[in-house]
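**Student:** Sequence:
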Amino acid sequence: MATPNKLIYLDNAATTAVREEVLDAMYPHFGVSFGNPSGIHAVAQEARKAVDESRETVARILGCRIGEIVFTSGGTEADNAAIKSVALALRNVGNHIITTSIEHHAVLHTCHQLEQFGFEVTYLPVDSQGLVDPDDVVNAITDRTILVSVMLANNEIGTIQPLSCISNAVKQESDRRNKKIVLHTDAVQAAGYLDLDVGRLGVDLLSLSAHKFHGPKGAGLLYVKRGTPFEPQIMGGGQERERRSGTENVPGIVGLAQALRLATEERESLSARLAPMRDRIIDGLRANLDRVRLNGHSTRRLANNVNVSFENVEGEPILLGLDLAGICASSGSACSSASLEPSHVLLAIGLDANLAQSSLRVTLGRDNTEEDVDYLLSVLPDLVVRLRHMPSLSEV
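Under numbering that gives the first Met the number 0, the first residue of the sequence shown carries the number 0, and numbering increases by one thereafter.
If a hint is listed, it holds; no wrong ones were tucked in.
Here are the simulated lysine-lysine pairs, DSS-like style, with alpha carbons at most 25 Å apart: (1) K5 <-> K216; (2) K179 <-> K224; (3) K83 <-> K170; (4) K178 <-> K83; (5) K224 <-> K48; (6) K83 <-> K179; (7) K48 <-> K216; (8) K83 <-> K224; (9) K170 <-> K224; (10) K178 <-> K224; (11) K216 <-> K83.
Simulated from the structure, these hints should not be mistaken for laboratory data.
Based on the sequences and whatever the hints tell you, model everything.
**Tutor:** What follows is the structure, encoded as structure tokens:
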């Protein structure tokens, strides 16, 4: 099949295009309504009103109080703030943090940094499908445990964690020990596909990033449940109720709120449309290729996520071949795509290094069509077969 006239974008887990409705909402705050929300004059108060209304929108979606929303520069800052702020606030109570081996590097690297300052971190294993056992979480808790961080849905393999079960288990154990253990979740990949109600999830902290659900880059948020110990990491003007200083990114905040509202309204219909397309890709690859492994859970996975490994072929030539055919995909997390090291997520679920480096991540989005899937399935199997018949560098 010939290369399509348009570029087929299948890397929506990395980032998404800003929706036209979101751009329209943001545009006035770059020029006409340009005020600093901390001022008292009319122009400033117009900006303040936009931030306040955005906070109300987000709080309504998350099912929380408006004062529990902290706007950030994105998911990475939100993850850093969640973990460091709680760890430092509770350092006189305990120094033990529990997380998983498949978290985003924004969580893992933050934990590694805290280890250099005397904190102890337990990195829980996952099973072959990427699931964390709630019993493993409870069994890892000690008298020094202050924080548990488990992502809602994995950014590479799309596996959805049993977060409510984990929350209930942690709460029961914390009640038994008569101490508070804070629960954080990185929900960056879940927005637009899963319920984000913090009460039903049972979390104290939740991170989001706007550019994952058709909002702008450089805008994110951290939900902080009232009463959660929190030592601010960015000091200065006292914005965000002194939890995150710095002049608010008004266009970004407005765009985030608008994008989250639209994503939430369309969540069920989008998942219902994309899940069959996801399954068509998986079934089509299995039907036309041998030695294909699906990475992640077969059913407990995001509706838009396909992650597969192909034996005897490297991932990078596959990506280059797809790019030449007009298809954008990835081999895993966009934050580490330039690394030559195999994915820590794929290693954690039991893949060897060679198979981990042969992975391909295809993530659908609201603009993708059945025709896009047809084209991918017309290109990818033939590409893999050709690459398998090519000599490797070690054989040349």
